[in-house]
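Whenever a hint applies, use it, and build me the whole structure from the sequences.
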Amino acid sequence: MDLAVTANGKLVRRGLKLAHLRLMAALGDTGAIGVAAARMGITQPAASRLLAEVEELAGHSLHQRAGRGIRLTAEGETLARRAVRALAEIGAAEREMADLGQGLSGHVRLGAVTGPALDRVLPALRAARVALPNVTAEVIVAPSEPLGQALLAGQIDFALARLPEGRDPALFDLSPLGEEPVSLVARPGHALARRSSLAPRDLLDYDWVLPEPGTLLRRTVLDRLAALGLPPPPGRLSTSSFLLTLAMLRESNALAPLATAVARRFARGPEGGLVVLPLDLGIVVPAYGLMTLRGTRLTPAAERLRDLVLAQPG
Numbered sequence: 001m002d003l004a005v006t007a008n009g010k011l012v013r014r015g016l017k018l019a020h021l022r023l024m025a026a027l028g029d030t031g032a033i034g035v036a037a038a039r040m041g042i043t044q045p046a047a048s049r050l051l052a053e054v055e056e057l058a059g060h061s062l063h064q065r066a067g068r069g070i071r072l073t074a075e076g077e078t079l080a081r082r083a084v085r086a087l088a089e090i091g092a093a094e095r096e097m098a099d100l101g102q103g104l105s106g107h108v109r110l111g112a113v114t115g116p117a118l119d120r121v122l123p124a125l126r127a128a129r130v131a132l133p134n135v136t137a138e139v140i141v142a143p144s145e146p147l148g149q150a151l152l153a154g155q156i157d158f159a160l161a162r163l164p165e166g167r168d169p170a171l172f173d174l175s176p177l178g179e180e181p182v183s184l185v186a187r188p189g190h191a192l193a194r195r196s197s198l199a200p201r202d203l204l205d206y207d208w209v210l211p212e213p214g215t216l217l218r219r220t221v222l223d224r225l226a227a228l229g230l231p232p233p234p235g236r237l238s239t240s241s242f243l244l245t246l247a248m249l250r251e252s253n254a255l256a257p258l259a260t261a262v263a264r265r266f267a268r269g270p271e272g273g274l275v276v277l278p279l280d281l282g283i284v285v286p287a288y289g290l291m292t293l294r295g296t297r298l299t300p301a302a303e304r305l306r307d308l309v310l311a312q313p314g
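Residue numbering for the sequence shown is 1 to 314, as defined by the working numbering.
Treat the hints with care, since some could be wrong.
Simulated pairs of lysine to aspartate or glutamate, DMTMM-like, Cα-Cα distance not exceeding 20 Å [to be verified]:
1) Lys17 with Glu53
2) Lys10 with Glu75
3) Lys10 with Glu55
4) Lys10 with Glu77
5) Lys10 with Glu53
6) Lys17 with Glu138
7) Lys17 with Glu77
8) Lys17 with Glu56
9) Lys17 with Glu55
10) Lys17 with Glu75
11) Lys10 with Glu56
12) Lys10 with Glu94
13) Lys17 with Asp29
Just so you know, these hints were derived from the structure itself, not from any lab.
Right, dumping it as structure tokens:
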């Protein structure tokens, strides 16, 4: 039985406070009482007293000593996880009350993987400047795994992403939107860019800049090459930084797989400095969608911006 939702709300009736929830959330994230205390702006002895109070209220040991830090027990992890959710809901309530009090205004935090960030989020933000002039937005562009973590921590309202691996799918609501095709790019003037046609094996004569190991894009690229009977490409640099990838491509003969939406945008105009190679390997990253935390409700401003995002053709 979850400690945070026991019958009749016993924890709350016994005196569970927001400070207790903040401490448990911080301990779940840091594993150190001193670091958690600093994050809350209190002393370490005060944090230790709060932890003792929570354990007395819960009727369970919530932590164990582990070297210089602590390790939460199963009960402690349960309460810490629920504390994060409760604090996120309180934060959302605060933003929603501000929206209601000021009309349709507020601050929206959203995340997106790279392709949809350009295909959907950027046009939606342009439309929002006219339709939602009093709404400000903060956009995080990252892989799906950190975006899922940001949703769980209440750091963003919604994301254009895929279900993060290693997380319980039941934690999220996902409305599929589309697949993400991938193109290969190089610098202008590259030998391969001057050819009218290419064979897949031609690509293996050059270094590739690949995403970091374990990322979905890297696995998708390598799986597709294997399906074509090709070995992994030579590559001495792995990075998820688009800026580093762009710099490497501009200053070498390396190739890189990029979301087609990104590749085409940076191939247009002199500022891009990239060309899309005339070869489609059929690399397609599985479908992404609009992802929210299950059981939560978006603020009115976030709902309006979400609708603008969904209205884009993608």
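Verification of the hints:
As the CA atoms of Lys17 and Glu53 are separated by approximately 10 Å, the hinted pair is consistent with the 20 Å bound. In summary, the hint linking Lys10 to Glu75 is supported, as the alpha carbons are separated by about 15 Å, within the 20 Å threshold. Restraint check for Lys10 and Glu55: satisfied, since their Cα atoms lie roughly 13 Å apart, inside the 20 Å limit. At roughly 18 Å between alpha-carbon atoms, Lys10 and Glu77 fall within 20 Å of each other, so this suggested pair holds.
Note on Lys10 and Glu53: the hinted pairing holds, with a Cα-Cα distance of about 14 Å set against a maximum of 20 Å. Distance hint between Lys17 and Glu138 is unfulfilled; the C-alpha atoms sit about 30 Å from each other, more than 20 Å. Between Lys17 and Glu77 the CA atoms are separated by roughly 18 Å; this keeps the pair inside 20 Å, and the hint holds. Taking the CA atoms of Lys17 and Glu56, the gap is about 13 Å. The hint holds against a cut of 20 Å.
At most 20 Å may separate the alpha-carbon atoms for a hinted pair to count; Lys17 and Glu55 meet this at roughly 13 Å. With a CA separation close to 18 Å, the supplied pair Lys17 and Glu75 stays within the 20 Å bound. Note on Lys10 and Glu56: the hinted pairing holds, with a Cα-Cα distance of about 12 Å set against a maximum of 20 Å. A C-alpha spacing of about 25 Å is found between Lys10 and Glu94, which places the hinted pair above 20 Å, so the restraint is violated.
A C-alpha spacing of about 19 Å is found between Lys17 and Asp29, which places the hinted pair at or below 20 Å, so the restraint holds.
Violation of the numbered hints given earlier is confined to hints 6, 12; the remaining hints are satisfied by the structure.
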